[in-house]
Amino acid sequence: MCLGIPGQVVAMTDVEQYLAKVAVNGVQRVISVRLLADQSVEPGDWVLVHVGFAMSKIDEREAQLTLDQVRKMGADYVNEIDAFNSSEIV
Amino acid sequence: MKFVDEFRDPAAARALVKSITRLAADDEFKFMEVCGGHTHTIYRHGLEHILPPGIELVHGPGCPVCVIPMGRVDDAMWLAEQPDIIFTTFGDMMRVPGSKGSLLDAKARGADVRFVYSPLDALKVALDNPTKHVVFFAVGFETTAPSSAVTLVRAKQLGVQNFSMFCNHVTIIPPIRAILESPDLRLSGFLGPGHVSTVIGTRPYRFVPQVYRKPLVVAGFEPLDILATVHMLLQQIRDGRCEVENQYGRVVREEGNLQALKLLAETMELRPHFEWRGLGFISQSALKINDAYADFDAEERFSMPGIRVADPKACQCGEVLKGVLKPWECKVFGTACTPETPIGTCMVSPEGACAAYYNFGRMHREAANMIGETAGV
Chain A
0 MCLGIPGQVV AMTDVEQYLA KVAVNGVQRV ISVRLLADQS VEPGDWVLVH
50 VGFAMSKIDE REAQLTLDQV RKMGADYVNE IDAFNSSEIV
Chain B
0 MKFVDEFRDP AAARALVKSI TRLAADDEFK FMEVCGGHTH TIYRHGLEHI
50 LPPGIELVHG PGCPVCVIPM GRVDDAMWLA EQPDIIFTTF GDMMRVPGSK
100 GSLLDAKARG ADVRFVYSPL DALKVALDNP TKHVVFFAVG FETTAPSSAV
150 TLVRAKQLGV QNFSMFCNHV TIIPPIRAIL ESPDLRLSGF LGPGHVSTVI
200 GTRPYRFVPQ VYRKPLVVAG FEPLDILATV HMLLQQIRDG RCEVENQYGR
250 VVREEGNLQA LKLLAETMEL RPHFEWRGLG FISQSALKIN DAYADFDAEE
300 RFSMPGIRVA DPKACQCGEV LKGVLKPWEC KVFGTACTPE TPIGTCMVSP
350 EGACAAYYNF GRMHREAANM IGETAGV
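Chains A and B are the protein sequences, given in the same order. The first sequence begins at 0 in numbering that gives the first Met the number 0 and counts up by one. The second sequence begins at 0 in numbering that gives the first Met the number 0 and counts up by one.
Be a bit skeptical, because a hint or two may be false.
With a straight-line Cα cutoff of 20 Å, these simulated EDC-like cross-link-like pairs (lysine to aspartate or glutamate) come out [as the list claims (entries may be wrong)]:
#1 K123(B) - E15(A)
#2 K155(B) - D13(A)
#3 K287(B) - E299(B)
#4 K56(A) - E254(B)
#5 K131(B) - E87(A)
#6 K261(B) - D37(A)
#7 K123(B) - D13(A)
#8 K71(A) - D8(B)
#9 K56(A) - E253(B)
#10 K71(A) - D4(B)
#11 K261(B) - E15(A)
#12 K71(A) - E47(B)
#13 K17(B) - D238(B)
#14 K123(B) - E87(A)
#15 K29(B) - D296(B)
#16 K99(B) - E80(B)
#17 K17(B) - E27(B)
#18 K123(B) - D83(B)
#19 K29(B) - D8(B)
#20 K123(B) - D37(A)
#21 K155(B) - E15(A)
#22 K29(B) - E328(B)
Pair ranges (Cβ atoms, derived) [claimed, not checked]:
#23 H272(B) - E87(A): 33 to 41 Å
#24 R240(B) - E61(A): 23 to 31 Å
#25 R205(B) - E61(A): 24 to 32 Å
In case anyone wonders, no lab produced these hints; they're calculated from the structure. Idealized CB from N, CA, C, for every residue including glycine.
All chains, full assembly: derive it from the sequences and hints.
Take a look at the structure:
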């Protein structure tokens with residue numbers, strides 16, 4: 000549960016509620032970017048996603064390399080992606 | 000060199016191992032990795048076998064699933080079995096044993112227990128089920144607590160009446176202090192937790208070098224990060240320095256995430272004390288939902304039993320969590336206690352030291368020793 004997975008912001012879906020659509024490994028879900036409210040988050044940005052929240056902005060190269068490493072985790076990565084896929088937040 | 004070749008930059012890994020070996024010389028070092036995510040990386044990649052034999056990595060208490068005491072799991076199960084309740088939890092908590100089985104068992108007995116990815120998903124369940132009361136089992140260190148904080152703020156904003164949280168959030172500094180005060184362990188330094196530090200920053204660790212004279216380096220989660228961190232710790236010791244350093248600067252900022260800290264302060268307060276599995280009661284080591292959000296506090300809404308339950312005698316999770324025992328040194332490891340039928344929490348979560356060792360460590364041991372020989376370390 001403590002895993003952080005890089006995702007790319009696709010669109011801000013609700014600016015007032017800090018909700019953004021993020022793509023993780025080709026799957027798009029809405030997450031909260033409220034924890035980054037004091038930074039500007041824009042489509043194209045990469046963020047570290049943990050339990051449906053963007054924790055930190057990361058640069059693109061870093062995000063790709065981290066994603067490659069996370070993919071090598073096998074089952075745990077699949078579980079995390081499955082969990083992400085199941086998410087349907089308010 | 001199978002394992003090293005899996006690394007992001009195998010050449011860098013080889014160079015680091017060489018440099019670590021030179022710095023370590025023939026001395027012995029014992030470094031604690033505080034975070035369960037690091038334990039997972041170490042076992043998955045067989046890092047302890049790639050490092051020179053004088054360097055021992057000891058597992059710490061930083062697995063939030065592992066440190067929840069049995070009594071709290073029993074309370075969660077009691078809540079789940081109340082009428083008209085939907086009990087929501089992270090998947091990892093489903094199989095954590097209480098004194099009468101796990102939440103999975105409660106589900107099998109007919110309780111409506113659902114796994115969610117995010118606390119905001121739990122809030123959605125509440126909105127979708129207005130005739131039921133939805134409880135979210137909030138666990139986790141400062142990494143996860145801000146997500147609960149945002150969910151509380153959102154629930155209040157929406158005026159949701161049928162949602163509460165059973166808050167079990169814990170903080171990382173008190174158990175580190177407890178371990179430093181413990182006479183059992185002589186540590187040379189710490190690999191500091193990565194994602195917790197994205198929230199709290201690196202300043203709260205300053206007491207580790209200042210008061211206890213141990214270096215601490217905040218570390219990332221990839222195998223190369225762990226090696227680089229061990230290298231930084233050794234370099235500090237060889238330079239005669241003792242400070243907090245940040246190896247995970249690409250994600251962790253010195254000041255942490257101020258927005259997350261502000262939301263935590265708005266919604267939660269420190270408990271006077273909290274029980275940790277294996278570590279006992281630690282003062283000011285956990286968070287409680289504050290008065291402003293008391294309507295969403297399951298502990299205020301329900302009269303839970305709140306009975307303290309001692310760990311099973313056979314279970315040595317406490318010693319494992321303090322780094323005193325290695326997983327395989329526990330009496331029931333791999334026999335009575337396995338990931339399929341866990342007795343202790345360390346065998347449940349993928350970040351638990353026992354589960355990580357059970358799943359990866361054993362098969363790596365022999366292969367990694369071979370690598371060590373061919374690498375000449």
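Quick rundown of the hints versus the structure:
Proposed proximity of K123(B) and E15(A) is supported: the alpha carbons are some 18 Å apart, at most 20 Å. Pair hint K155(B) plus D13(A) holds up; C-alpha atoms about 18 Å apart against a cutoff of 20 Å. Annotation: proposed proximity of K287(B) to E299(B) holds, straight-line Cα distance about 11 Å (limit 20 Å). Our distance criterion of 20 Å between C-alpha atoms is met by K56(A) and E254(B), whose separation comes to about 15 Å.
Note on K131(B) and E87(A): the hinted pairing holds, with a Cα-Cα distance of about 19 Å set against a maximum of 20 Å. Among the hinted pairs, K261(B) with D37(A) is consistent with the structure: their alpha-carbon atoms are about 11 Å apart, no more than 20 Å. Between K123(B) and D13(A), the direct Cα distance comes to roughly 16 Å. Compliance with the 20 Å bound is thereby established for this hinted pair. With a CA separation close to 14 Å, the supplied pair K71(A) and D8(B) stays within the 20 Å bound.
Taking the CA atoms of K56(A) and E253(B), the gap is near 15 Å; set against the 20 Å cutoff, the hint holds. The hinted pair formed by K71(A) and D4(B) meets the criterion: a straight-line CA distance of about 12 Å does not exceed 20 Å. Distance restraint check for K261(B) and E15(A): the Cα-Cα separation of roughly 18 Å lies within the 20 Å cut-off, and the hinted pair is therefore satisfied. Taken as a hint, the K71(A) and E47(B) pair is honoured in the structure, with Cα atoms around 19 Å apart against an allowance of 20 Å.
The hinted pair formed by K17(B) and D238(B) meets the criterion: a straight-line CA distance of about 18 Å does not exceed 20 Å. A C-alpha spacing of about 7 Å is found between K123(B) and E87(A), which places the hinted pair at or below 20 Å, so the restraint holds. Only pairs whose Cα atoms come within 20 Å are accepted, and K29(B) paired with D296(B) is rejected, the gap being roughly 41 Å. A threshold of 20 Å between alpha carbons decides the hint, and for K99(B) with E80(B) the separation of about 12 Å falls inside it, so the pair holds.
Taken as a hint, the K17(B) and E27(B) pair is honoured in the structure, with Cα atoms around 16 Å apart against an allowance of 20 Å. Distance restraint check for K123(B) and D83(B): the Cα-Cα separation of roughly 17 Å lies within the 20 Å cut-off, and the hinted pair is therefore satisfied. Restraint check: the Cα-Cα separation between K29(B) and D8(B) comes to about 26 Å, which exceeds 20 Å; the hinted pair is violated. As the CA atoms of K123(B) and D37(A) are separated by approximately 26 Å, the hinted pair breaks the 20 Å bound.
Using a Cα cut-off of 20 Å, the hinted pair K155(B) and E15(A) holds, with the two alpha carbons roughly 16 Å apart. The hinted pair formed by K29(B) and E328(B) meets the criterion: a straight-line CA distance of about 17 Å does not exceed 20 Å. Distance hint for H272(B) and E87(A): a CB-CB separation of about 37 Å, consistent with the stated range 33 to 41 Å. Judged by the Cβ atoms, the range 23 to 31 Å given for R240(B) and E61(A) holds: they are separated by roughly 27 Å.
For R205(B) and E61(A), the Cβ-Cβ distance of about 27 Å falls inside the hinted range of 24 to 32 Å, so the restraint holds.
Hint compliance for this structure: hints 15, 19 and 20 are not met, and every other hint is.
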